[in-house]
Each structure stands twice: as C-alpha cells, then as structure tokens.
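K.L.:
Now for the letters of each chain:
There are 2 protein chains.
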Amino acid sequence: MKITREKWEKNFSEWFDWVLREGEFYDYGRYPVKGVGIWLPYGFKIRRAVTEIIRNLLDSTGHEEVLFPLLIPEDLLRKESEHIRGFEGEVYWVTRGGSENLDVMLALRPTSETSITFMESLWISSYKQLPKKYYQIVSVFRYETKATRPMIRLRELTTFKEAHTVHESYDDAERQVKEAIDIYKKFFDELGIPYIISKRPDWDKFAGAIYTIAFDTIMPDSRVLQIGTVHHLGQHFSKVFDFKIQKKDGSLDYPHQTSYGISDRVIAALIALNGDDHGPVLNPKIAPIKVVIIPIPAKDEETNKKIMDYCDNISAELNKNSISNIVDKDPDRTPGEKYYIWELKGVPLRIEIGQREVNNNTVFVKRRDTFQGAAIQRTELVPKILDLLSQVAEDLRDNAREFMQAKIKLVEDVEQAKAMLENRSGVVEVPWCGDNNCGLKLEELTNSRVLGSPYDSPKDVSNKVCVVCKKPAKDTLRLAKTY
Amino acid sequence: MKITREKWEKNFSEWFDWVLREGEFYDYGRYPVKGVGIWLPYGFKIRRAVTEIIRNLLDSTGHEEVLFPLLIPEDLLRKESEHIRGFEGEVYWVTRGGSENLDVMLALRPTSETSITFMESLWISSYKQLPKKYYQIVSVFRYETKATRPMIRLRELTTFKEAHTVHESYDDAERQVKEAIDIYKKFFDELGIPYIISKRPDWDKFAGAIYTIAFDTIMPDSRVLQIGTVHHLGQHFSKVFDFKIQKKDGSLDYPHQTSYGISDRVIAALIALNGDDHGPVLNPKIAPIKVVIIPIPAKDEETNKKIMDYCDNISAELNKNSISNIVDKDPDRTPGEKYYIWELKGVPLRIEIGQREVNNNTVFVKRRDTFQGAAIQRTELVPKILDLLSQVAEDLRDNAREFMQAKIKLVEDVEQAKAMLENRSGVVEVPWCGDNNCGLKLEELTNSRVLGSPYDSPKDVSNKVCVVCKKPAKDTLRLAKTY
Chain L
12 MKITREKWEK NFSEWFDWVL REGEFYDYGR YPVKGVGIWL PYGFKIRRAV
62 TEIIRNLLDS TGHEEVLFPL LIPEDLLRKE SEHIRGFEGE VYWVTRGGSE
112 NLDVMLALRP TSETSITFME SLWISSYKQL PKKYYQIVSV FRYETKATRP
162 MIRLRELTTF KEAHTVHESY DDAERQVKEA IDIYKKFFDE LGIPYIISKR
212 PDWDKFAGAI YTIAFDTIMP DSRVLQIGTV HHLGQHFSKV FDFKIQKKDG
262 SLDYPHQTSY GISDRVIAAL IALNGDDHGP VLNPKIAPIK VVIIPIPAKD
312 EETNKKIMDY CDNISAELNK NSISNIVDKD PDRTPGEKYY IWELKGVPLR
362 IEIGQREVNN NTVFVKRRDT FQGAAIQRTE LVPKILDLLS QVAEDLRDNA
412 REFMQAKIKL VEDVEQAKAM LENRSGVVEV PWCGDNNCGL KLEELTNSRV
462 LGSPYDSPKD VSNKVCVVCK KPAKDTLRLA KTY
Chain A
12 MKITREKWEK NFSEWFDWVL REGEFYDYGR YPVKGVGIWL PYGFKIRRAV
62 TEIIRNLLDS TGHEEVLFPL LIPEDLLRKE SEHIRGFEGE VYWVTRGGSE
112 NLDVMLALRP TSETSITFME SLWISSYKQL PKKYYQIVSV FRYETKATRP
162 MIRLRELTTF KEAHTVHESY DDAERQVKEA IDIYKKFFDE LGIPYIISKR
212 PDWDKFAGAI YTIAFDTIMP DSRVLQIGTV HHLGQHFSKV FDFKIQKKDG
262 SLDYPHQTSY GISDRVIAAL IALNGDDHGP VLNPKIAPIK VVIIPIPAKD
312 EETNKKIMDY CDNISAELNK NSISNIVDKD PDRTPGEKYY IWELKGVPLR
362 IEIGQREVNN NTVFVKRRDT FQGAAIQRTE LVPKILDLLS QVAEDLRDNA
412 REFMQAKIKL VEDVEQAKAM LENRSGVVEV PWCGDNNCGL KLEELTNSRV
462 LGSPYDSPKD VSNKVCVVCK KPAKDTLRLA KTY
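Those protein sequence lines, which keep their order, are chains L and A.
Basically this note's numbering = 1-based index in the first sequence + 11.
Basically this note's numbering = 1-based index in the second sequence + 11.
If you're looking for bench data, these hints aren't it; they were derived computationally from the structure.
Fair warning: there could be bad hints in the mix.
Identical chains share a label here; the pair holds if one copy fits it or two copies do between them.
[Stated by the list, open to error] The list that follows gives simulated cross-link-like pairs (lysine-lysine, DSSO-like), each with its CA atoms no further than 30 Å apart:
1) LYS418 to LYS429
2) LYS144 to LYS340
3) LYS144 to LYS475
4) LYS45 to LYS143
5) LYS331 to LYS45
6) LYS310 to LYS485
7) LYS349 to LYS259
8) LYS255 to LYS418
9) LYS143 to LYS316
10) LYS210 to LYS485
11) LYS45 to LYS485
12) LYS144 to LYS56
Just so it is clear, the structure is predicted and the values come from calculations on it, not from any experiment.
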C-alpha cells in the first residue's frame with residue numbers, strides 16, 4: 012500500500028478537524044460557545060496518559076501538586092503592571108452572582124502567578140523553606156480575538172499544567188529554569204515530539220518575566236507551534252506582593268521566582284505529528300488501545316465461531332500482559348469499514364484473524380505507520396507484539412524528528428528568508444547582530460514571527476553579518492509562520 | 012494516654028478549620044474570594060487517592076470519562092424551567108471578555124445536565140448506543156448566600172464528580188439509579204464513611220429530577236452532611252433539548268436520563284469522622300503518609316548516627332513494600348513537637364526509634380487512633396505494620412459506623428423530636444402518613460430539615476400513626492439539622 016500524505020500536509024487544518032471529530036477524540040465547533048471543546052472518552056484517555064507522564068516527572072523532582080481557585084479578584088490580577096498589560100485584552104470577567112452585581116469583578120484565571128504569589132507570601136518566610144516548587148493542572152481562560160482552533164488556540168485551555176517555584180537568589184531561580192527545561196525535554200522525548208528551544212525575544216516574553224525560554228515544534232503544514240514555555244520571573248511578582256523572606260545571611264529580601272507551563276497543544280502535536288491521509292498514528296506509549304483485533308469472517312457459521320474464539324483468546328493473552336486491545340466484533344460492518352475507523356483512531360497495530368490464521372495457529376499483524384504486515388506464530392505473540400510496539404514508537408519519534416530537522420534552514424539573505432517562509436518551508440534561521448531593532452525589522456520584512464535565538468545549540472556565526480544591518484553577527488535568530 | 016474529644020465534638024467547626032490549616036490540608040479564608048479554598052500538597056494527595064477510587068469504580072462499570080466546557084450560555088442553562096429555577100439564584104455570570112461586553116452571558120456551570128444533554132442530542136440517535144454513561148471530575152460554582160465553610164459549603168466546588176447517563180426506557184434509567192447507589196455504597200465503604208440513604212422529599216429533590224436518592228452522614232457535631240446524590244431525570248432534559256432516539260421497536264422517542272454526583276464533602280467527611288483533640292485520624296487507605304518514623308536522639312553523636320541509620324533502614328524497607336513513610340529528621344524540633352504535628356496530620360502509625368530499639372533490633376509502633384504502642388521485632392516489621400494498618404482501617408470504619416448509628420433514633424412525638432434535634436442528637440426518625448403537607452409541617456414544627464424516607468431499610472410502622480396528622484403511618488421520615 013502506498014502511503015499518501017496529501018491531506019495531512021497540504022490541508023492540515025481540515026485533516027486535523029476531521030481526525031478529532033470523526034476519530035472521536037475531541038468535539039469542537041458544535042458546542043455553542045466559541046473556542047471551547049469537549050474531550051471525548053477516547054481523547055480523554057490520551058489526555059490522561061499525557062498528564063500522568065508530566066505528573067511523574069514533576070513529582071520525582073520535588074514538585075508538589077496543589078489546586079488554586081479559578082477566580083482572581085481584579086485588584087490581585089492588576090498588581091503586577093506588565094503582567095496585566097499582557098493579559099488585559101483577553102481576560103473573562105465574572106461580574107454577577109445570582110441576580111446581584113459583584114462588588115469586585117472576578118477574572119477567570121488566564122494563568123496563576125498573581126494568586127499563587129499572594130498565597131506564597133503568607134506561607135513562606137524563610138530560606139529554609141526554599142526551593143518551593145508547586146504545580147497544578149487546570150483550566151485557564153483567554154478571550155482570544157484571533158481565529159480559534161481545536162486544542163491549538165482555545166478560549167478554555169483545559170490542560171494547562173503550570174508550575175510555580177520560589178528561590179532565595181536569582182541564580183537559584185536560573186538553575187530552576189534549567190531543571191524545568193530538562194524536565195520538558197524528557198517529557199517531549201518520551202512522547203516522541205521533536206522540538207527546538209529558543210530564547211524568546213524581549214518583545215515576546217511572558218508578561219511579567221525577565222526572560223522566556225520556549226519549546227516549539229513544526230506542524231505538518233510547516234507552521235510553528237509553541238508547546239512549552241519556561242519563565243524567569245525574577246522579583247517582579249514578589250516585590251508587588253511584598254513577599255519577603257529571611258535569607259541565609261539573616262537579611263530580608265524578595266525571593267526570585269520561575270514559572271513554566273504546557274497545555275492542550277502537547278496533545279495536538281502528539282496527534283498531528285505522525286499521520287497520513289488515513290488519519291494519525293498514535294505513539295504506543297499513550298495510545299488508549301495498542302492493538303485492534305479484527306476477525307475476517309468465513310462463509311460458514313462453524314468456522315466463524317472458531318475465528319471469534321481465537322480472537323478472544325488472543326485478546327485475553329494480550330490483556331494478561333497489559334497490552335490494551337479490543338476485538339471489533341460489530342456484525343454490521345465489513346473488515347474494510349473497520350480498518351477505516353481504527354486507522355482514523357490511530358491504533359498502532361492491527362491484528363487480522365481469518366480461517367488461515369486459525370488453521371496455522373498464527374496472527375497477521377499490520378503496523379499502522381508503515382502498513383507493513385507479517386504473520387506471527389501464536390507462541391511468539393506477546394514478545395513480537397511488544398517488539399513491534401517499541402519499534403513503532405521509535406520510528407515515529409525518528410520520523411517526526413527528521414521531518415522537523417528538514418524544515419529548519421540557515422539562510423543569509425532577507426529576501427530568501429521571506430520567500431522560504433511564504434513557501435511554507437518551516438523555520439528559517441538567519442545571522443543577527445543581537446539588536447532588538449533588527450529583530451523587529453526582520454518580522455516586518457519577512458511578514459513572520461521571531462522565535463528567538465537557539466537556546467542550547469548556538470550556531471557558529473564568525474565571519475557572518477546580520478541580515479538586516481550588515482554588522483557582524485553575534486547569534487542567529489529563528490523566524491517562522493506560527494500558530 | 013486518655014483520648015479526649017472535647018474540641019472535636021463540641022467545637023467541631025473550630026476543630027475542622029484548625030486541622031485543615033495547621034495540618035496543611037487546605038487553606039481557607041485567607042484567599043481574597045469568599046467561599047473558595049486552596050488544596051495544599053498534603054490535602055491534594057488525599058484528594059487524588061479519593062478520585063482514583065471513584066474513577067476505578069466508574070471505569071469498571073462502563074462509565075467513560077469526558078471533559079465538558081466550564082461555560083454554559085444563558086439560553087442553554089435556561090432550557091429546562093425547573094432546573095434554572097433551582098439554580099438561578101446561585102449562578103455566577105461572565106458578562107465581559109477583555110474590554111467588551113459579551114452578547115450572551117455565560118454561566119460558570121453549577122452542574123452540567125444542560126450542556127451534556129445538548130451534546131448527547133448530537134451524538135446519540137439509536138438504542139444501539141445505549142446505555143451511555145459519562146462522567147467528569149470538575150469545578151462547579153455556586154454563588155452561595157448561606158455562610159460558607161471549607162470543603163463543606165463552597166462557592167467553587169473543586170472536586171465535583173458528576174455522572175450523566177442515557178437510557179432507552181424509564182425502567183432502564185431506574186436500574187441505573189440502583190447501579191449508581193451500589194457504586195456509591197462501595198465507594199463510601201472503601202473509605203470507611205458510614206451513611207444513610209434517603210429518598211429526598213419532593214420539595215427537596217434536584218431541580219429537574221423526577222426523584223432524588225441521597226447519601227447522608229452525621230458529622231461530629233451531630234449535624235447531617237449530604238455526601239452524594241442520585242437523580243432519575245426521566246425525560247425532562249431530553250424533551251426540552253429535543254433529544255430523540257430510535258427505539259428497538261423502530262419508534263422515535265425521548266430517552267431517559269440519570270445523573271449522580273459527589274463532591275469535596277466526601278473528603279471533609281473523611282478527615283472529620285475519625286478524630287480527637289489531637290486532630291484527625293486518616294484512613295490508611297487514603298493516607299498520603301502511612302507511617303512516620305521519629306528518631307529519639309541520644310546523648311552522644313555516635314549513637315545518634317546509629318539511630319539515624321537505623322531509621323533510614325526501616326524507611327527503606329517500608330518503601331520497598333510500598334508503605335509510604337517519612338523519617339522526620341528536623342534537628343530544630345523535639346520528638347514531642349514532632350508527635351504534635353504528625354498527629355495533627357492524622358498519620359495512622361508512628362514509629363519511635365531510640366537507642367533501646369537499635370540495641371534490641373526492634374521498633375516501637377504507636378497507633379494514632381488508640382495511642383496504643385507496642386514493640387515489634389525488626390524481622391517482623393513489614394507483616395506487622397501491614398497488619399496494623401488494616402486493623403486501623405477496620406477499627407476506624409467500625410467506630411464511625413457506631414458513632415453514626417448511635418445518633419439515629421426513632422421517636423413518635425413531635426415535641427420529643429424537636430427537643431432531641433435542638434439537643435444535637437443527630438437524626439430523628441418519625442412515623443409519617445406519606446403526605447407532603449405533614450412533612451413540610453414537620454420541618455416547621457421541629458425547626459429542622461426533612462432528609463426523606465429510608466431508601467433501603469424501611470421501618471415497620473404497622474400500628475403506628477403519623478406524628479403530625481395521627482392518621483396511620485405508611486413510612487418513616489428522617490429529620491435533622493443539616494449542613
């Protein structure tokens with residue numbers, strides 16, 4: 012079978028909408044509030060697997076899970092002036108309770124730096140309590156004025172994992188930034204999501220941060236999707252909340268903070284990054300169903316009965332080895348119709364069982380990603396299936412990484428950069444002098460967005476010049492069309 | 012040691028506030044929005060253990076977890092007239108996004124029957140898809156005008172587990188009500204929370220239900236706390252949402268629905284129901300830390316070092332057997348201060364280790380509930396600890412049940428009922444003719460609340476008469492002071 016990726020690559024938006032709804036991951040666009048979606052049972056299981064992975068990574072590095080209120084009083088949210096300037100345009104406000112007007116407007120949290128810092132100022136008073144690392148997984152709200160998209164640009168982000176940490180010094184907080192980056196690397200590696208890490212330019216950092224480090228990936232349509240951010244907050248919030256601690260040397264000072272977050276977009280990337288015109292291919296590590304077993308009916312009842320029993324035995328053996336699976340026995344659908352729906356759901360392996368398999372004591376296994384099939388001896392079922400699942404996970408990760416790497420190019424000319432960006436080439440990296448004005452100018456000239464400079468893999472730019480001002484380059488700057 | 016329960020029983024409200032805050036379960040009353048609390052790391056772990064238990068019970072009975080939007084447009088919420096009449100006074104309304112006024116006001120969900128039925132009408136069209144059982148664990152909002160209380164009466168309920176089911180017939184839905192009751196029985200039994208089940212009177216059923224079955228427990232102050240409800244919704248919601256299905260016989264009709272929920276109150280009961288003036292005693296099944304190990308310092312450094320090493324070995328052995336534990340090595344606090352805080356946190360077992368234990372190769376274990384202590388041979392550590400943990404769980408459950416049973420009394424006179432209720436006697440059950448008017452009259456005469464009639468253990472009322480009208484009794488009615 013030839014694998015086509017026309018719809019996936021060229022009409023990605025449509026492909027994604029189709030997959031989410033028809034594959035029953037997520038219902039979007041029918042509920043009568045713009046920019047909100049419904050996690051359907053199948054999608055919810057993926058969401059749960061993903062949150063388990065991040066929870067384990069955070070719990071094992073000394074983070075503590077908490078749960079803060081959704082509602083933030085207006086005066087609290089307005090305390091940090093850069094912060095509120097950044098969010099003001101997109102805050103939902105509760106103004107009424109029952110038939111009464113509220114005395115103080117309540118914001119639906121767009122993020123929780125303000126409410127958490129307020130409480131930390133009551134809880135933490137000494138360096139002995141530091142570092143303190145909290146996180147929560149919650150809904151946050153953004154009254155987006157841009158076009159909304161399922162899982163990608165939402166008004167209710169339902170899977171916002173936000174971490175908030177407190178430290179004695181600037182350097183301690185900077186070390187925490189590094190730990191957060193390590194945690195996110197492990198997280199995305201585990202999920203097979205490739206990424207580049209950039210230091211966001213000053214004009215695009217988090218509202219209230221000293222600097223922001225961001226994880227981006229490249230979607231099938233070559234647009235860049237921000238999938239994680241880490242912020243050094245310095246003393247911006249601790250100062251306005253008059254949050255002081257006693258330091259080791261006995262003096263009183265404002266502590267330093269960081270925050271870092273991921274959202275539903277991780278799951279969007281997970282579903283989108285490996286796919287074809289049949290639908291997505293789910294990474295076996297998070298696939299709710301790893302194997303679908305499809306009986307191929309024979310002409311007589313007796314053989315059919317044998318086939319079904321055989322399917323049930325195979326299923327039971329997989330279950331016993333914790334390999335989640337399902338036998339699709341629907342009598343109203345043909346095997347072909349079943350292939351269609353389970354491919355659309357991205358189940359990594361399919362087992363087909365007909366008379367031949369029963370007679371030969373084998374199963375026929377087909378990989379969702381390559382559509383390669385092979386017969387497996389019944390006696391070797393479990394080890395072979397486990398092998399295939401690991402192989403699929405590995406191949407998906409490698410393919411996604413190659414796809415992304417092929418879409419990152421270094422060029423030394425603005426016009427060329429612009430043409431490539433318009434031509435959906437992905438990320439274009441250019442030599443840069445380090446001056447913000449040249450960066451802003453680049454966004455204008457190329458009609459694209461500056462992602463920032465490479466965080467952990469700076470390019471050698473000796474002998475190169477800034478593509479804008481022609482002065483000696485100090486670094487490179489990444490440009491892209493973004494979500 | 013003599014166990015006192017003065018504060019626990021006589022000043023329960025203060026006791027509870029003190030435990031939640033000083034024990035670092037839940038921060039309440041300091042965040043600048045009324046009626047909302049913060050789950051602190053220790054409390055959050057209990058919350059997580061509780062939600063895991065209910066998830067497993069629901070998943071294993073064919074329920075599917077989903078996640079619906081928080082925001083419900085005004086017209087959707089107003090569709091079912093009884094429903095909105097019931098909730099109208101306590102809905103929070105979002106009226107602004109950024110600096111714009113919204114065209115349609117958006118409610119923060121008080122519960123999700125309307126939004127879920129709306130989507131079900133798009134998803135479900137045939138009896139073949141039934142029964143359908145969804146659930147979600149979410150925050151819901153109630154603009155309470157009554158005095159709020161931590162975990163018990165909140166404006167943001169953060170742990171609202173709501174299940175919503177769809178069925179072909181009234182009887183199928185009624186069977187589902189029974190299944191839900193069975194699930195909740197298992198849930199509360201597992202947690203060791205005793206309950207009585209009552210059919211709520213018509214005037215106190217869920218807004219939009221045909222009838223409501225409720226689980227109540229009795230708190231230390233003898234007031235009754237509703238901890239779970241199950242509603243038969245009939246066709247009330249399916250009709251107003253024009254939600255029709257094809258039935259087995261080919262005809263089109265509105266399906267029947269049920270819904271059932273539990274909330275943060277379960278955790279309130281869990282923390283409150285077993286306690287004394289030192290704090291709560293947590294059920295080992297949900298205790299985040301099952302054993303606290305406290306070193307008793309000796310006079311010389313060398314012995315101290317041996318004691319610490321011994322503590323670490325004990326801890327490692329418990330860990331290896333998945334018995335969560337902690338060694339409290341804080342050098343700034345005395346053993347007595349440590350006892351105080353870990354008792355307040357309700358850790359079920361304490362191990363004290365001093366020179367004697369090291370020399371004898373034993374540990375000294377003390378139960379939090381009875382304060383009984385005993386030496387255990389090092390070689391028998393794990394089986395003995397596991398034994399004690401089961402024993403504590405069992406004793407807590409039995410004690411809580413006895414405490415509750417002792418507070419339920421059958422009387423046959425209104426004045427006596429009133430006096431008992433005023434005297435904090437718990438639940439008073441009286442013979443009743445079955446007429447709602449007599450029930451309403453009873454609430455007035457006794458200045459209390461009717462919980463309803465016993466659901467699964469009707470009393471024999473032959474030869475008894477209604478305490479109000481003196482006509483022959485058909486049933487009993489339960490009365491209580493409630494939260």
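K.L.:
Next, verify each hint and record whether it holds.
P.N.:
Each hint tested on the structure:
no.: 1; hint: LYS418 to LYS429; in the structure: within (14 Å within a copy, 79 Å between copies)
no.: 2; hint: LYS144 to LYS340; in the structure: between (49 Å within a copy, 21 Å between copies)
no.: 3; hint: LYS144 to LYS475; in the structure: neither (42 Å within a copy, 63 Å between copies)
no.: 4; hint: LYS45 to LYS143; in the structure: between (37 Å within a copy, 26 Å between copies)
no.: 5; hint: LYS331 to LYS45; in the structure: neither (44 Å within a copy, 50 Å between copies)
no.: 6; hint: LYS310 to LYS485; in the structure: neither (73 Å within a copy, 63 Å between copies)
no.: 7; hint: LYS349 to LYS259; in the structure: between (66 Å within a copy, 24 Å between copies)
no.: 8; hint: LYS255 to LYS418; in the structure: neither (47 Å within a copy, 50 Å between copies)
no.: 9; hint: LYS143 to LYS316; in the structure: between (61 Å within a copy, 28 Å between copies)
no.: 10; hint: LYS210 to LYS485; in the structure: within (14 Å within a copy, 75 Å between copies)
no.: 11; hint: LYS45 to LYS485; in the structure: neither (44 Å within a copy, 53 Å between copies)
no.: 12; hint: LYS144 to LYS56; in the structure: both (27 Å within a copy, 15 Å between copies)
Of the numbered hints stated above, those contradicted by the structure are hints 3, 5, 6, 8, 11, listed in ascending order.
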